[in-house]
Each structure stands twice: as structure tokens, then as C-alpha cells.
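Engineer: Protein chains in written order, with the numbering used here: chain A, 4 to 232; chain B, 98 to 414; chain C, 114 to 505.
No lab work stands behind these hints, which were simulated from the structure alone. Just so you know, not all the hints are guaranteed correct.
[To be verified] No more than 20 Å apart at the CA atoms, straight line, and that leaves these computed lysine to any residue pairs for SDA-like:
(1) K449/C to G147/A
(2) K122/A to W122/C
(3) K406/C to R390/C
(4) K141/A to R123/C
(5) K122/A to M114/C
(6) K267/B to D206/B
(7) K449/C to S132/C
(8) K449/C to G102/A
(9) K384/C to G207/C
(10) K267/B to L210/B
(11) K449/C to Q96/A
(12) K131/C to L142/A
(13) K198/C to S378/B
(14) K449/C to G55/A
(15) K449/C to K141/A
(16) K122/A to L118/C
(17) K384/C to L118/C
(18) K449/C to T51/A
(19) K198/C to D206/B
(20) K131/C to G55/A
(21) K406/C to A417/C
(22) K122/A to L142/A
(23) K267/B to G207/C
(24) K300/B to L210/B
(25) K198/C to G391/C
(26) K131/C to F441/C
(27) K131/C to G147/A
[What the hints assert, rightly or not] Residues from chain C that keep clear of chain A, each with C-beta distances beyond 10 Å, as calculated:
(28) H128
(29) A173
(30) N210
(31) E242
(32) A266
(33) Q316
(34) G425
(35) L455
We treat Cβ as the ideally placed atom computed from N, Cα and C, and that holds for glycine.
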Amino acid sequence: MINVSELAFRYRGHGPDRSSTFGMRVEDFTVPPGASTALVGPSGSGKTTLLGLIAGTLRAASGSVIVNDQAISNFSDSELGRYRIRSVGQVFQAFELLGYLTVTENVMLPWYISGSGRKADIRKRAVDLLRGVGLESKLNVMPGELSQGEQQRVAVCRAMLNNPPVLLADEPTGNLDQENKQNVVDLLVEQATRNNSTLLMVTHDESLLGKFDSVLDMRHIAQPLNRQE
Amino acid sequence: MILIRTLLISVALLSAACGGDDRQASDQGGSATEPKKALVVTSNYPLYFFASRIAEGVDVAPEIIFPDIDGDPTFWTPGAEQIQLLQSADIVILNGAGAEPWLDLITIDQRRLLDTSANITDRLIPLEDTVAHQHGPEGEHSHQGTAFTTWLDPHLAIVQSQVVTEALIKLAPAGEQQLRENMAGLEQELIALDTKFAEVFAKLDGRPVLFSHPVYQYMQHRYGINGESLHWEPDQEPTTSAWIDLQQMLASHPATIMIWEDEPLTATATRLSDTGITSVSLRTVANRPGQGDYLSEMHENVRRIAETFATHGAHQL
Amino acid sequence: MSGALFLGWRYLAHHRFKSGILIASITLMLFLPAATRLLVEDSATALTARADVTPLILGARGSELELVLNTLYFHAESPAEIDNKAFIEAQSTGLANFIPIHSRFRSQAAPIVGTSLDYFNFRGLNITEGRQMGLLGECVIGANVAARLGLGAGDSIISSPETVFDIAGVYPLRMTIAGVLDSAGTADDDAVFVDVRTSWIIQGLGHGHTDLAEPEAGAAVLSRRDNVVTANASLTQYAEITPENISAFHFHGSDETFPLTSIIAVPPDQKNATLLRGRYHDSELLQLVLPGKVLDDLLETVFAVQNYVILGLAILSLATVAVITLVFLLSQQLRKGEFHTLSRIGASRGYISVLITSEIGFVFLISVLLAAGLTYVTRYYAMQILQSFLTL
């Protein structure tokens with residue numbers, strides 16, 4: 004479950020006057036556990052920022068973000084890192100696989116970061132995930148040899164490696180063709196459902212909205228923050 | 098942290114590689130020699146006999162060896178093992194006077210060579226009628242030089258034996274007295290031999306004799322023998338031209354005795370006898386005799402000569 | 114953090130070309146000065162060691178360095194020759210043990226050194242296979258010659274003509290290998306040793322042929338006059354000394370005039386050494402040198418050059434370090450996205466630091482190991498490398 008309350012975020016501008024800041028305020032909302040929610044809104048409305056606040060890669064100026072009863076707003080940097088490894092699976096628009104690791108090793112990347120668990124067990128989990136998405140013949144292939152759809156499927160597997168309770172996807176279909184878009188979204192929803200993970204996915208594609216339990220519109224939950232606030 | 102640790106390990110490795118030299122250059126000259134009984138090798142049998150006689154009964158005397166040689170030691174080419182024996186000897190006793198042409202053919206420490214004729218070069222007899230060859234203007238070269246059978250003159254043999262004695266004393270100084278005593282005894286024996294030869298050859302009284310080979314120069318010189326040399330081998334029949342040369346020689350040198358290195362073929366002796374020449378052998382004893390030793394062989398030589406002269410009768414000589 | 118090391122290693126392995134160039138550059142940067150210093154110091158030690166145990170060298174007036182290098186290392190450049198008479202006269206002084214050296218000819222790359230048995234005792238050389246040379250025409254070979262040419266006792270080796278067109282001069286002599294010397298770690302390992310008279314035969318001062326005094330000499334005889342036989346050029350001379358033909362070998366002329374390239378003098382004490390040096394001090398034709406001093410002078414120059422070389426390498430290294438630093442910085446820039454991804458997935462700053470450092474660390478570690486390995490190999494072969502230069 005994701006719970007956002009009185010959240011405000013400020014980030015430094017890049018104009019000539021570096022002292023100016025702007026931000027956004029997010030109204031309280033809750034994403035129930037196991038639910039698949041699409042996050043929509045115009046460009047610049049703060050979708051990625053909101054995901055960052057939930058993932059803990061960005062810090063709120065005020066308010067709270069509670070994920071599965073963890074108030075991550077109060078976490079230190081190292082706690083946030085551990086939180087993301089264990090509790091958050093992330094899928095990015097640009098796939099962001101490491102080109103010098105094999106497909107299996109890319110899926111195991113969270114383990115290479117945390118070192119938690121037996122390698123053999125993690126490898127088996129990774130192989131099972133890849134088999135589940137039809138990539139059993141590509142286990143030792145380098146990402147550069149995969150199609151975009153295949154790469155994104157690997158990224159999904161990576162996100163699911165530790166069975167995270169929260170799955171955050173930031174326009175994962177942005178670089179895919181129509182068929183792959185459908186496939187990837189279906190995959191994400193399916194994984195979330197299977198693992199009872201809370202899925203929050205940013206998308207611009209209205210044709211995909213029907214696959215989600217609910218839709219959160221940034222226009223309804225976020226406002227720009229005034230300079231004075 | 099890891100970087101620092103890595104660098105520290107690397108520096109340590111490089112230092113070890115560039116560190117002290119654990120490989121020493123082994124250029125130490127010389128090697129320690131363990132004490133061992135001295136070894137003396139002689140180049141012919143007479144020298145072996147003299148050295149053995151001098152060292153007889155002297156416990157500290159070195160081991161004396163005369164290698165097994167087939168035929169005349171002067172024409173010996175040492176084999177590999179024999180060369181190793183020579184190289185390992187403390188002293189190699191040489192006759193000198195050109196008796197060891199094989200010395201030019203082998204590798205040996207020159208300092209270990211003892212030339213027993215080195216002090217009597219003025220008494221060495223040069224060879225005549227040698228054949229020299231040359232290649233273009235380089236100059237003449239002769240394969241022969243001086244007569245080398247010095248041991249056939251007992252007085253020269255005494256001089257050589259004295260040189261041997263001094264060498265043995267250097268190798269075994271503790272035995273000096275006994276070595277000198279033995280030398281004195283040998284000297285007496287050689288003098289006695291010399292007296293006998295002198296008596297026998299005195300009977301010739303200047304009358305001509307023939308020698309089968311030019312190997313008796315020192316005897317000839319010592320006892321005033323009027324002799325001419327042929328080049329006849331005892332075990333080979335002389336050729337027709339050889340008989341012709343003999344006849345030509347007899348014309349100016351009417352010898353009735355021919356002294357051979359060894360018993361000639363019966364046919365040769367018979368034909369010589371028909372010509373009026375009696376054959377008698379006077380062995381040079383350059384190599385080990387089948388029986389007896391140098392002195393016994395030389396005395397046997399004396400006996401044969403004396404017997405031949407007696408058989409011939411004075412008027413036939 | 115082992116995961117960070119793994120990622121770092123995989124990154125390097127994936128970018129082989131870049132990694133290879135970096136490793137090669139750093140390896141060279143570390144190895145070259147070390148090897149220079151190693152070669153110079155090791156060679157100085159070895160040169161000095163061999164020179165110090167060689168008390169005195171007598172040779173023709175001229176270049177002392179050439180004389181010493183040829184005597185100690187059988188350098189291809191032979192000094193002017195001296196007569197064997199000098200050796201005979203030196204021996205007669207009784208002031209030292211004199212060892213003749215004739216180092217002029219070669220058997221392919223191996224120098225043929227004519228000398229006496231004393232040389233082996235002097236250098237502490239032992240026979241490990243076969244026996245010491247006995248007959249003329251036999252030789253003993255150094256351990257490296259045996260290994261390189263696959264030769265052993267009983268095989269043969271042929272002397273090389275001095276020049277390709279040496280038709281009328283020195284021609285090849287086949288020599289039987291009597292024995293192989295034990296490895297000494299010196300120039301002796303690369304030499305072929307013969308009796309000095311064998312080297313004179315190679316030079317043509319001695320030879321063997323059919324006996325011209327015999328009628329069978331036939332067409333080889335130009336004339337017979339009195340007791341002198343003159344041979345013509347058709348006379349076939351033996352190209353090999355065998356036990357069967359050895360007695361036919363002889364020299365023409367007095368051996369006093371036969372050549373040597375040098376004489377090693379080993380006096381028993383300092384007094385004799387001084388007397389010897391005094392004896393040859395004013396000689397117009399001969400010089401008696403102290404090998405150690407001659408090489409010390411050479412090494413002074415070598416060390417000076419070494420310092421310049423290392424300085425040059427140090428400057429080059431600075432430039433290399435600057436370029437390598439730039440490469441690493443650019444690499445980090447290029448990998449910013451990757452680090453961002455890792456951070457987003459959950460990697461800490463420390464983890465990222467280790468990842469960055471591992472790239473540098475692995476490159477340096479491999480370079481250092483390679484440099485150390487190359488340095489070790491260079492040290493192992495240092496003497497052979499040096500000796501191959503010295504015998505050139």
C-alpha cells in the first residue's frame with residue numbers, strides 16, 4: 004500500500020538565478036495494496052517526481068510517504084537504499100539495462116547491489132522469471148542483442164527479482180511499438196497481481212488505461228508550489 | 098579503501114621483483130682439489146722402467162703408469178681415454194727429442210709435461226735425408242727432426258733418469274733419500290750395461306755394419322759404430338729396388354752384419370746370408386717387452402750381438 | 114561490496130580494447146624504468162663480477178675496452194692480434210699463470226674460443242656431458258649452445274667463414290663435440306671452446322693432407338727437388354680432424370708467430386701482479402690492463418645514460434598519467450547514466466564509489482602484475498640479453 008499525505012516537494016531550478024526554486028504539492032492519496040494504478044498527467048506535471056518521492060530517490064520538503072507502513076520520508080540515505088532494493092521494483096522508460104552484463108546478470112542486479120541471499124537461489128529466481136517471460140533462450144545473451152520488447156521484459160524481471168511489494172514503472176512502454184506496449188503492460192499487471200504488489204505506472208497512452216484498476220491524474224492531485232510556500 | 102589496498106600490494110610486488118639479487122654470478126676461478134696420490138704417466142716403456150725402478154719400494158712415491166700402446170710409442174695416437182689419463186696426470190714424463198709427435202695433436206696442460214731431454218739438446222742427433230714439403234712460398238716443412246732413441250745410449254738414459262728422479266722427489270719429498278738411493282742403483286746398472294755394449298762393439302773396430310732402420314743413432318754415436326741405415330721392416334720382404342739399393346750401398350759400405358729391430362723374415366735373412374750379411378736383432382725396447390724388462394732385454398741384446406760376432410769370427414767382421 | 118567489484122570487473126572485460134590500452138600504457142609506464150634500472154644494475158653487477166675475477170689481460174696496444182670485452186665476453190669485434198711469442202715469453206717470466214685466448218672465429222652465432230685447459234679451471238667450468246677435449250679438432254660447448262642447437266657429446270659443429278666471399282681464406286672446419294659444459298650463467302655458456310691450435314687450423318695456419326712424400330700424392334705435387342716437395346693448389350685439405358687423419362695435420366712456420374687475441378694473466382699475489390704491470394708498462398706493442406677498471410669507466414657512462422633515460426621515461430610517465438586520468442574521468446562521465454540507474458535501484462554512494470574505484474583499481478592491479486611479471490622475466494633473461502649484445 005502507498006499512502007501520500009500533505010506532500011510537498013521543492014527542487015532547484017537551473018535558470019540563471021540558482022536561488023529560485025519551484026515545486027509541487029501533492030494531495031493526499033492512497034493506492035491500495037495489490038492494486039494496479041495508472042498515473043497520468045501532462046508533461047511537467049510531476050509524474051516522475053512523484054514516483055521518485057515514493058521510491059525514495061527524491062526527498063519531500065514536507066509531508067509523508069508511507070509505503071507498506073514504512074514512513075520512508077524519515078529514512079536516511081542508506082535506509083532508503085535498502086528500502087528500494089527490498090521493497091521497490093522499478094521499470095524505466097529507457098530500460099536501463101547494463102550493457103556489459105548478460106540478461107541473467109541484469110536481472111540479478113539488485114542482488115549484486117545488496118548481496119543479500121544465496122547466489123544460487125537468486126540465479127534460479129532470475130532464470131525462472133526470464134522463463135516466465137519467454138526469454139529462456141536468451142539467458143546468456145548481452146542486452147544489445149535483444150529487441151526493445153525483450154529488453155523491457157528483462158527490466159520487468161529485474162524489478163520483480165526480490166518480490167517487491169511496490170512496483171513503480173515510469174513510462175515503460177514509451178519506446179515500444181504498440182504490440183510490445185500491450186505485452187509489457189500485461190506483464191506488469193500480471194506480475195503485480197501474482198505477487199500482490201502495488202503497481203503504479205506512469206503512462207501517456209490512454210489505450211492502456213483499461214488494464215489498470217484505477218487511474219490517478221496529476222491534474223487532480225498535484226499543484227505547483229508557489230515560491231513563497 | 099580497495100584502491101589503497103590494491104596499490105599497497107602492487108608496490109610490494111614490484112619491490113620484490115626489483116629487490117636484491119638472489120642469483121650470484123659464479124665466476125670464481127679455480128676449484129678446490131682434494132688430496133690424492135700423485136699420478137705419473139710415461140710416454141714410452143724405458144722411461145716407465147726407469148721411473149718404476151727409482152720409485153721401487155718408496156711408499157709415498159706416485160703411481161706410475163705407461164699406457165697400453167700397440168706398436169712403436171712414437172707413432173701412437175692416443176685415444177680418448179688415454180688422453181684423459183694424460184690430462185689427469187700430475188706429470189707426463191716425455192722422452193723428448195721428437196719422440197712424442199702426438200703431443201702436437203692433443204690438448205694437455207703444458208706445465209705438466211716433463212721433457213727428460215731438455216737438458217741434453219746439444220747431444221741430440223739430427224736426422225738426415227728427411228723429406229720436407231712446402232705449399233708455395235710459405236717455406237719448407239719437415240716431418241722429422243732429431244733421432245729420439247736416446248735410451249739406447251745408457252749414459253743418456255742416466256741423464257734422463259736423473260731428471261725423472263728430481264720430478265719424483267718434487268711429488269714425494271718424503272721419499273727423497275730412498276729415491277736417490279734407487280737412482281744410484283739404477284745408474285750402476287746402466288753403467289754396467291754400457292760397459293758390456295762397449296766391449297761387444299769394440300770388436301767391430303770400425304768395420305761397417307748395416308742397420309735395418311735409422312733408430313740406432315745414439316748407440317752408433319756412443320760406441321763409434323760405422324753403420325749405415327736402410328728402411329727395411331723385419332716383418333716385410335724387401336722390394337727389388339730395396340735389394341738394388343742394398344747392393345749399391347755395399348759397394349761403398351761393405352758390411353757383413355745387419356742389425357735389425359726385430360727378427361727378420363727367414364727368407365730375408367737367408368737371402369742376406371747368401372749375400373754375405375749376417376742378421377742379428379737388437380731390440381729397441383721402446384714398448385713393453387713380452388717378457389723381462391728393459392735391462393734384461395738390453396742384456397739379451399748384448400748377448401745376441403756378442404754371440405753373432407763370436408759366431409762370425411773376427412776375420413769375417 | 115563484492116558485487117561492485119564484480120560489476121567493475123565485468124565492465125573492464127566488456128570494454129577490452131579500452132581496458133587493454135590502459136593496461137598496456139600503465140604496464141609500460143611501470144615496466145620500462147624498472148627494466149632499465151634492472152638491466153643496467155644487473156649487467157653492471159655481472160660485468161663487474163666477471164671482470165673482477167679476471168686479474169689482468171695482456172693484449173695488443175689499442176682500445177682497452179675492445180680488448181676486455183673480447184676477452185671476457187668474446188665480443189665479435191676482435192682486438193688486434195698478438196704473437197704467440199708474447200705468450201711464450203710471458204710464461205717464461207713465471208710471474209703468473211698465463212692463459213692464451215684466441216677469439217676471432219664463430220660457429221654461426223657462437224664464438225669459437227681457442228684456449229688451454231687452464232681456462233676451464235680458472236673459470237670453474239665443469240663438464241656435464243661427455244668429456245674434456247682431447248684431440249685437436251675437438252671442442253667443448255657451452256650449455257646454451259648445446260640447448261639452442263640441440264647438440265651434445267659426439268655431435269659436430271662447423272666453423273663459419275669470416276665473410277661470405279672468403280673463398281681463399283678461412284674455410285669451415287668440422288669439429289667433434291667432446292663434451293658439454295655445465296651452465297655457468299656467464300658468457301661461457303654461449304661459446305665453443307677449442308684448443309688454441311685448433312683455432313690456428315681454422316685460420317689456415319695448420320692443415321692436414323695426404324703425405325706429399327708418398328708417390329701416391331700424384332697430381333697434387335707441383336715439383337720434387339732434392340728433398341723438398343712443393344704442392345700445388347689442387348691439394349685437397351681435410352675439412353675435419355679425425356682419429357684416422359689427425360697424424361696428417363701439421364703447421365707451417367714457427368708457432369711463435371701464430372696469433373692470439375689476448376692472454377689472461379693470473380698472478381699468485383699482488384707483488385707478482387705489480388711486477389707484471391711494470392714489465393709491460395712501457396711496451397710499445399703490448400698492454401696489460403685491469404679489466405675491472407676498464408669496465409668501471411664504461412659503467413660510469415652507462416649509469417649517466419641510465420639516469421637520462423629514466424628522467425625521460427619519468428616525463429613520459431607524467432604525460433601518460435595525465436592522459437590516463439582524462440580517460441578515467443571521461444569514462445565516469447559516460448557511465449553517469451549507469452550510476453544513476455544503480456542508485457535508483459538502491460545502490461549506496463559507497464557502492465558507486467567502489468564501482469568507480471574498481472575500474473581504476475583493476476586496471477592498475479593488472480598493470481602492476483604484468484609489469485612485475487615482465488620485470489621478473491627480464492631479470493631472468495637479463496644476463497642472456499646482455500651477453501647477446503656483448504657478443505654481437
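Engineer: A separate judgement is required for each hint: does it hold in the structure or not?
Structural biologist: Going down the list of hints, with the structure as the test:
For the hint pairing K449/C with G147/A, the CA-to-CA distance comes to about 19 Å; that is within 20 Å, so the pair holds. Restraint check for K122/A and W122/C: the C-alpha separation of about 18 Å stays at or below 20 Å, so the hint holds. The hinted pair formed by K406/C and R390/C meets the criterion: a straight-line CA distance of about 14 Å does not exceed 20 Å. Restraint check for K141/A and R123/C: the C-alpha separation of about 18 Å stays at or below 20 Å, so the hint holds.
In summary, the hint linking K122/A to M114/C is supported, as the alpha carbons are separated by about 14 Å, within the 20 Å threshold. Between K267/B and D206/B the alpha-carbon distance is near 18 Å, which keeps this suggested pair within the 20 Å criterion. Restraint check for K449/C and S132/C: the C-alpha separation of about 18 Å stays at or below 20 Å, so the hint holds. Taking the CA atoms of K449/C and G102/A, the gap is about 14 Å. The hint holds against a cut of 20 Å.
With a CA separation close to 13 Å, the supplied pair K384/C and G207/C stays within the 20 Å bound. Restraint check for K267/B and L210/B: satisfied, since their Cα atoms lie roughly 14 Å apart, inside the 20 Å limit. Note on K449/C and Q96/A: the hinted pairing holds, with a Cα-Cα distance of about 17 Å set against a maximum of 20 Å. Straight-line distance between C-alpha atoms of K131/C and L142/A comes to about 26 Å, which puts the hinted pair past the 20 Å bound.
Pair hint K198/C plus S378/B does not hold up; C-alpha atoms about 45 Å apart against a cutoff of 20 Å. With a C-alpha separation of about 18 Å, the suggested pair K449/C and G55/A falls inside the 20 Å cut-off, and the hint holds. For a cut-off of 20 Å, the pair hint linking K449/C to K141/A is broken: about 27 Å separates their Cα positions. Distance hint between K122/A and L118/C is fulfilled; the C-alpha atoms sit about 15 Å from each other, no more than 20 Å.
Straight-line distance between C-alpha atoms of K384/C and L118/C comes to about 70 Å, which puts the hinted pair past the 20 Å bound. Distance hint between K449/C and T51/A is fulfilled; the C-alpha atoms sit about 19 Å from each other, no more than 20 Å. Distance check on the hinted pair: K198/C and D206/B sit about 18 Å apart at the alpha-carbon level, within 20 Å; holds. Under the criterion of a C-alpha separation no larger than 20 Å, the hint pairing K131/C with G55/A is inconsistent with the structure, at around 35 Å.
Distance restraint check for K406/C and A417/C: the Cα-Cα separation of roughly 17 Å lies within the 20 Å cut-off, and the hinted pair is therefore satisfied. Taking the CA atoms of K122/A and L142/A, the gap is near 16 Å; set against the 20 Å cutoff, the hint holds. With a CA separation close to 18 Å, the supplied pair K267/B and G207/C stays within the 20 Å bound. Under the criterion of a C-alpha separation no larger than 20 Å, the hint pairing K300/B with L210/B is inconsistent with the structure, at around 40 Å.
Of the pairs offered as hints, the one joining K198/C and G391/C holds, with about 19 Å between alpha carbons and a cut-off of 20 Å not exceeded. The suggested pairing of K131/C with F441/C holds, with an alpha-carbon distance near 10 Å, which does not exceed 20 Å. Note on K131/C and G147/A: the hinted pairing holds, with a Cα-Cα distance of about 19 Å set against a maximum of 20 Å. Chain A draws H128/C into its interface by the beta-carbon criterion, the shortest separation being 7 Å against a cut-off of 10 Å.
With a cut of 10 Å on Cβ distances, A173/C stays outside the contact zone with chain A, its closest approach being about 69 Å. The Cβ of N210/C lies farther than 10 Å from every Cβ of chain A, with a closest approach of about 71 Å, so its non-interface assignment holds. Annotated as non-interface, E242/C keeps its C-beta farther than 10 Å from every C-beta of chain A; the closest such distance is 55 Å. Distance check on A266/C: its Cβ is at least 58 Å (rounded) from any Cβ of chain A, clearing the 10 Å threshold; non-interface status holds.
Here Q316/C stays apart from chain A, with its beta-carbon at least about 68 Å from theirs, past the 10 Å limit. The beta carbon of G425/C sits about 37 Å from the closest Cβ of chain A, which is more than 10 Å, so the claim that it is off the interface holds. With a closest Cβ-Cβ approach of about 7 Å to chain A, L455/C is found to fall inside the 10 Å limit, against its non-interface label.
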